[in-house]
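Asker: Listed below are the residues making up each chain.
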Amino acid sequence: MKQDHFGIAQATLLEPTGLSASDLDAVMHKLTGVGGCDFADMYFQYAKQESWSLDEGVVKTGSFTIDQGVGLRSVCGEKTAFAYSEDLHVPAILAAADVVQAIGRQGGGAQAPRQWQTRSPSALYPQQDPIAGLGDAEKVAILEAADKAARSHDSRVVEVMASLAGVYEVVLIVTSDGRQVPDVRPLIRLNVSVIVEQNGKRERGSMGGGGRFGFDYFDQQTIEHYAHEAVRQALVSLEAIDSPAGTMPVVLGPGWPGILLHEAVGHGLEGDFNRKGTSAFSGRIGQRVASELCTVVDDGTIAERRGSLSVDDEGNETQNTVLIEKGILKGYMQDEHNARLMGMSVTGNGRRESFAHLPMPRMTNTYMHNGESDPEEIIRSVKKGLYAVNFGGGQVDITSGKFVFSSSEAYLIEDGKITAPVKGATLIGNGPEAMQTISMVGNDMSLDSGVGVCGKDGQSVPVGVGQPTLKMDALTVGGVQL
Amino acid sequence: MSDQIAVKSASQATGIDLVRAAQIALDYAAKCGVDQSEVSLHHGTGVSVTARQQDLETVEKHNDAQIVVSVYRDHKTGSASSADLSEAGIQAAVDAAVSIARFTGSDPCLGLADADRMAKNGIDLDLYHPWKLDVAEMADIALACEAAALNADAAISNSEGATVNSYSGQAVYANSHGFLSDTAGSQHSISCSVIGQRGDAMQRDYWYDSNRNPTLLQAAEEIGLNAAKRTVSRLGARQIGSRQAPVMFDPMTAKSLFSHLIGALKGGAIYKKASFMLDRVEQQILPEFISVTEYPHERGASGSAYHDGEGVATPAQRVLVDQGVLQGYVLGSYTARKLGLASTANAGGVRNLKISNTGQSFEQLLRELGTGLLVTELIGSGINMVTGDYSRGAAGFWVENGEIQYPVEEITIAGNLLDMYQKIVAAGSDYDRRGNTESGSIVIESMTIAGS
Numbered sequence: 003m004k005q006d007h008f009g010i011a012q013a014t015l016l017e018p019t020g021l022s023a024s025d026l027d028a029v030m031h032k033l034t035g036v037g038g039c040d041f042a043d044m045y046f047q048y049a050k051q052e053s054w055s056l057d058e059g060v061v062k063t064g065s066f067t068i069d070q071g072v073g074l075r076s077v078c079g080e081k082t083a084f085a086y087s088e089d090l091h092v093p094a095i096l097a098a099a100d101v102v103q104a105i106g107r108q109g110g111g112a113q114a115p116r117q118w119q120t121r122s123p124s125a126l127y128p129q130q131d132p133i134a135g136l137g138d139a140e141k142v143a144i145l146e147a148a149d150k151a152a153r154s155h156d157s158r159v160v161e162v163m164a165s166l167a168g169v170y171e172v173v174l175i176v177t178s179d180g181r182q183v184p185d186v187r188p189l190i191r192l193n194v195s196v197i198v199e200q201n202g203k204r205e206r207g208s209m210g211g212g213g214r215f216g217f218d219y220f221d222q223q224t225i226e227h228y229a230h231e232a233v234r235q236a237l238v239s240l241e242a243i244d245s246p247a248g249t250m251p252v253v254l255g256p257g258w259p260g261i262l263l264h265e266a267v268g269h270g271l272e273g274d275f276n277r278k279g280t281s282a283f284s285g286r287i288g289q290r291v292a293s294e295l296c297t298v299v300d301d302g303t304i305a306e307r308r309g310s311l312s313v314d315d316e317g318n319e320t321q322n323t324v325l326i327e328k329g330i331l332k333g334y335m336q337d338e339h340n341a342r343l344m345g346m347s348v349t350g351n352g353r354r355e356s357f358a359h360l361p362m363p364r365m366t367n368t369y370m371h372n373g374e375s376d377p378e379e380i381i382r383s384v385k386k387g388l389y390a391v392n393f394g395g396g397q398v399d400i401t402s403g404k405f406v407f408s409s410s411e412a413y414l415i416e417d418g419k420i421t422a423p424v425k426g427a428t429l430i431g432n433g434p435e436a437m438q439t440i441s442m443v444g445n446d447m448s449l450d451s452g453v454g455v456c457g458k459d460g461q462s463v464p465v466g467v468g469q470p471t472l473k474m475d476a477l478t479v480g481g482v483q484l
Numbered sequence: 024m025s026d027q028i029a030v031k032s033a034s035q036a037t038g039i040d041l042v043r044a045a046q047i048a049l050d051y052a053a054k055c056g057v058d059q060s061e062v063s064l065h066h067g068t069g070v071s072v073t074a075r076q077q078d079l080e081t082v083e084k085h086n087d088a089q090i091v092v093s094v095y096r097d098h099k100t101g102s103a104s105s106a107d108l109s110e111a112g113i114q115a116a117v118d119a120a121v122s123i124a125r126f127t128g129s130d131p132c133l134g135l136a137d138a139d140r141m142a143k144n145g146i147d148l149d150l151y152h153p154w155k156l157d158v159a160e161m162a163d164i165a166l167a168c169e170a171a172a173l174n175a176d177a178a179i180s181n182s183e184g185a186t187v188n189s190y191s192g193q194a195v196y197a198n199s200h201g202f203l204s205d206t207a208g209s210q211h212s213i214s215c216s217v218i219g220q221r222g223d224a225m226q227r228d229y230w231y232d233s234n235r236n237p238t239l240l241q242a243a244e245e246i247g248l249n250a251a252k253r254t255v256s257r258l259g260a261r262q263i264g265s266r267q268a269p270v271m272f273d274p275m276t277a278k279s280l281f282s283h284l285i286g287a288l289k290g291g292a293i294y295k296k297a298s299f300m301l302d303r304v305e306q307q308i309l310p311e312f313i314s315v316t317e318y319p320h321e322r323g324a325s326g327s328a329y330h331d332g333e334g335v336a337t338p339a340q341r342v343l344v345d346q347g348v349l350q351g352y353v354l355g356s357y358t359a360r361k362l363g364l365a366s367t368a369n370a371g372g373v374r375n376l377k378i379s380n381t382g383q384s385f386e387q388l389l390r391e392l393g394t395g396l397l398v399t400e401l402i403g404s405g406i407n408m409v410t411g412d413y414s415r416g417a418a419g420f421w422v423e424n425g426e427i428q429y430p431v432e433e434i435t436i437a438g439n440l441l442d443m444y445q446k447i448v449a450a451g452s453d454y455d456r457r458g459n460t461e462s463g464s465i466v467i468e469s470m471t472i473a474g475s
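Going line by line, the protein sequences match chains H and W.
Going from the first sequence to this note's numbering is simple: count from 1 and add 2.
Going from the second sequence to this note's numbering is simple: count from 1 and add 23.
Do not rely on the hints blindly, as some may be mistaken.
Below, a list of computed lysine-lysine pairs in the DSS-like style, where the Cα atoms sit at most 27 Å apart [what the hints assert, rightly or not]:
hint : chain 1 : residue 1 : chain 2 : residue 2
1    : H       : 62        : W       : 54
2    : H       : 203       : W       : 446
3    : H       : 50        : H       : 458
4    : W       : 296       : H       : 150
5    : H       : 278       : W       : 252
6    : H       : 203       : W       : 361
7    : W       : 361       : H       : 150
8    : H       : 62        : W       : 446
9    : H       : 385       : H       : 419
10   : W       : 361       : H       : 62
11   : H       : 386       : H       : 419
12   : W       : 296       : H       : 203
13   : W       : 54        : H       : 50
14   : W       : 252       : H       : 458
Simulated from the structure, these hints should not be mistaken for laboratory data.
Between the sequences and the hints, there should be enough to build the whole structure, so can you do that?
Answerer: Right, dumping it as structure tokens:
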């Protein structure tokens with residue numbers, strides 16, 4: 003019999019230790035306290051993870067992890083008390099609730115709910131366990147196929163490193179307003195990195211992808227695509243010349259370069275920074291923060307995407323939230339706590355790394371809508387500049403607005419033509435200013451392949467990005483060649 | 024082989040019997056017919072208290088336990104981890120590891136470190152200093168820290184708060200050679216981050232201290248003052264034009280140059296040919312006046328341990344770079360075997376790395392820099408570990424004739440690490456002693472700065 007989400011959550015998280023509805027009442031009663039608080043929640047989580055990795059043609063290591071526990075939170079005004087328990091028996095959870103309760107509080111009006119309401123979200127991904135869904139020998143075969151595909155693609159490949167990871171998570175969010183919201187979340191990823199060597203010179207390249215579904219996604223064609231793409235990038239790097247240094251027009255390719263949006267605007271539009279007034283975008287709703295060609299959204303509702311969630315980690319359905327519309331700042335990404343304090347609506351962006359971490363406003367899939375330009379026309383419009391199509395990591399100082407992101411594949415544009423590849427140039431700019439210099443937006447929007455990880459306050463969560471080809475008239479390129 | 028001193032302090036730290044849990048895991052693994060097995064366990068408790076805008080904001084209580092088991096059979100390995108330290112939970116973890124080892128490939132280099140390398144005697148390295156404070160007392164420290172920052176300068180306009188963190192725990196490592204160690208440890212910190220505003224422009228900076236012994240932490244007020252001072256000093260920052268110029272890294276950013284070096288010397292990067300330091304042993308990789316030395320037995324230091332992550336005895340000191348000449352790689356048993364070398368007791372990384380200095384203070388180094396860039400913050404990750412190509416976002420100060428002129432931001436600095444290391448012209452004695460690496464400021468003769 004196929005179980006619904008709530009049935010799975012109950013069977014995985016509550017039944018093994020015999021947790022009943024009245025037990026949840028008792029815990030919630032403690033969390034909401036005698037004097038009452040604004041709200042409280044419990045986050046039950048079961049997470050199973052498995053990973054395999056290959057180098058030198060051999061799958062040398064495999065590891066398996068099971069984590070489970072419950073995070074308990076009580077919020078009063080701007081104050082938050084938090085504790086968690088890895089033990090899901092009633093006494094351990096009540097003891098953790100006592101810790102939360104022991105922290106002083108005033109005001110507020112939440113009470114333990116009189117009646118629980120279960121809400122199963124409409125699922126954006128299959129409720130399958132990817133780890134159990136494929137045999138270990140077949141998982142090993144995926145990595146061996148990646149190794150073979152990369153090595154047979156070019157004789158200059160001297161090393162292949164590949165890793166395969168699967169996660170199966172079951173969560174149940176229980177809130178002081180009486181909701182019990184379950185979710186069942188699969189997540190898989192395959193990465194292929196290669197080292198190539200030619201005339202004593204070595205370079206690297208990597209490619210990967212995944213999403214919220216089963217391992218059958220990695221068919222031979224997909225595996226070969228990742229392997230060949232990793233080799234191609236490494237070979238391009240072998241030929242790369244020193245990157246230019248200075249301020250110049252920069253064209254970013256479609257898809258993964260959307261990391262620009264994640265760093266330059268995304269983090270700065272998270273509710274917590276704006277409530278506290280610490281973001282370069284604070285207090286700027288309704289103002290122009292990008293050129294009128296730019297419409298940027300955070301959309302957690304795209305089926306099966308790595309950054310998508312049927313519900314966020316506070317039990318709210320994810321949304322397609324318009325952040326910037328035709329250059330005008332429209333809204334922030336909110337969780338319960340910050341939305342309440344700012345008098346705004348939640349946007350389904352409350353996320354946490356695990357039950358042992360506090361939720362906060364986080365991105366899901368952040369991307370820019372299509373414009374009208376032909377990508378080739380965008381390249382043709384640049385006399386001298388940089389065309390960057392692949393990136394490593396990025397980082398932003400949300401207070402000053404300064405962001406950086408480092409290219410792993412980029413080319414010179416000379417007289418409207420893509421010419422020599424250049425070695426990894428780092429791009430740096432100021433979010434609101436850089437977004438205003440976007441003068442052309444292509445019609446080739448695509449999302450990344452599903453490998454993004456975002457870190458904030460020491461917590462990592464999976465995210466997605468995307469964009470069409472776009473041109474920034476002036477951005478600082480950090481190369482070595484003056 | 025276990026260390027009695029450490030065992031005693033460990034059992035005071037926690038209530039969970041990690042030693043017994045380790046024994047259960049090893050016994051059960053043996054029953055499952057594996058050739059070798061090893062197990063790491065930890066249990067720790069901690070509290071983190073944040074005050075913001077002079078009010079208590081967040082209180083978090085942490086209580087974590089974990090077991091990680093690795094098994095080896097026919098030179099194949101599998102590992103599993105779990106937070107469930109019950110007998111059934113431990114056995115389930117071993118079963119999972121054994122199951123994985125049926126499917127991984129065989130590699131004769133896989134296995135425990137050699138038995139004759141196991142640490143024979145435990146050494147009490149003074150790692151455990153619990154901080155007996157309640158939440159209210161921790162909140163008072165955080166409030167005092169933030170107050171000092173908020174009151175330090177009229178330009179301080181906002182705050183991300185001050186946090187007091189305290190953690191104590193116990194770690195056990197055991198393997199089927201019969202090695203077992205049981206160590207208690209603690210780590211405490213105070214940090215503060217504030218925002219300054221001048222006109223529309225905001226800047227943020229922070230300061231922190233961290234120590235195993237809470238009585239050695241910098242005073243909360245001093246940390247707040249430092250955070251405010253650093254923030255205010257950044258107000259009015261501007262971009263400078265692209266140029267070649269000498270660059271001085273302050274002690275906090277200089278450490279990152281050496282962490283890239285260590286990353287490139289790790290055996291895993293070397294045998295995969297994924298390192299810019301490949302085949303550089305016995306070569307001059309730094310100027311003659313720089314030595315890089317590891318001190319694993321330093322008492323009370325954050326990285327100290329008498330054995331590495333595989334039970335191999337650590338040396339009291341190891342010179343990794345002697346007067347600029349690379350002495351060897353950073354190896355655990357697996358990577359050592361891959362390279363036909365002996366383990367350097369670095370499973371789990373290097374411990375208490377110190378960079379020698381050329382004797383100058385921070386001010387003297389600024390004079391040596393003359394006219395150039397002082398870097399106080401690096402952002403982004405633009406380092407290619409295969410080639411050493413380096414290009415990162417930076418912020419800091421423009422210096423003329425040894426005097427700081429104005430704050431600088433939105434620039435990048437670029438070069439190649441192999442070349443940057445050779446071009447170090449001075450290493451200061453202004454050590455930042457926090458954390459696992461101690462370095463003073465470093466001056467590099469020339470780098471490319473990209474800006475307006």
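Asker: Each of the hints needs a verdict: does it hold here or not?
Answerer: The hints, checked one at a time:
1. H:62 - W:54: holds (23 Å)
2. H:203 - W:446: holds (22 Å)
3. H:50 - H:458: Since the Cα atoms of residue 50 of chain H and residue 458 of chain H sit roughly 23 Å apart, the hinted pair holds (cutoff 27 Å).
4. W:296 - H:150: Holds - the C-alpha atoms of residue 150 of chain H and residue 296 of chain W are around 19 Å apart, at most 27 Å.
5. H:278 - W:252: holds (21 Å)
6. H:203 - W:361: The given pair, whose Cα atoms are some 22 Å apart, holds under the 27 Å limit.
7. W:361 - H:150: With Cα atoms ~22 Å apart, residue 361 of chain W and residue 150 of chain H stay inside 27 Å; holds.
8. H:62 - W:446: violated (39 Å)
9. H:385 - H:419: holds (8 Å)
10. W:361 - H:62: holds (13 Å)
11. H:386 - H:419: The hint holds at about 9 Å.
12. W:296 - H:203: holds (11 Å)
13. W:54 - H:50: holds (25 Å)
14. W:252 - H:458: Within the cut-off at roughly 25 Å; holds.
Hint compliance for this structure: hint 8 alone is broken.
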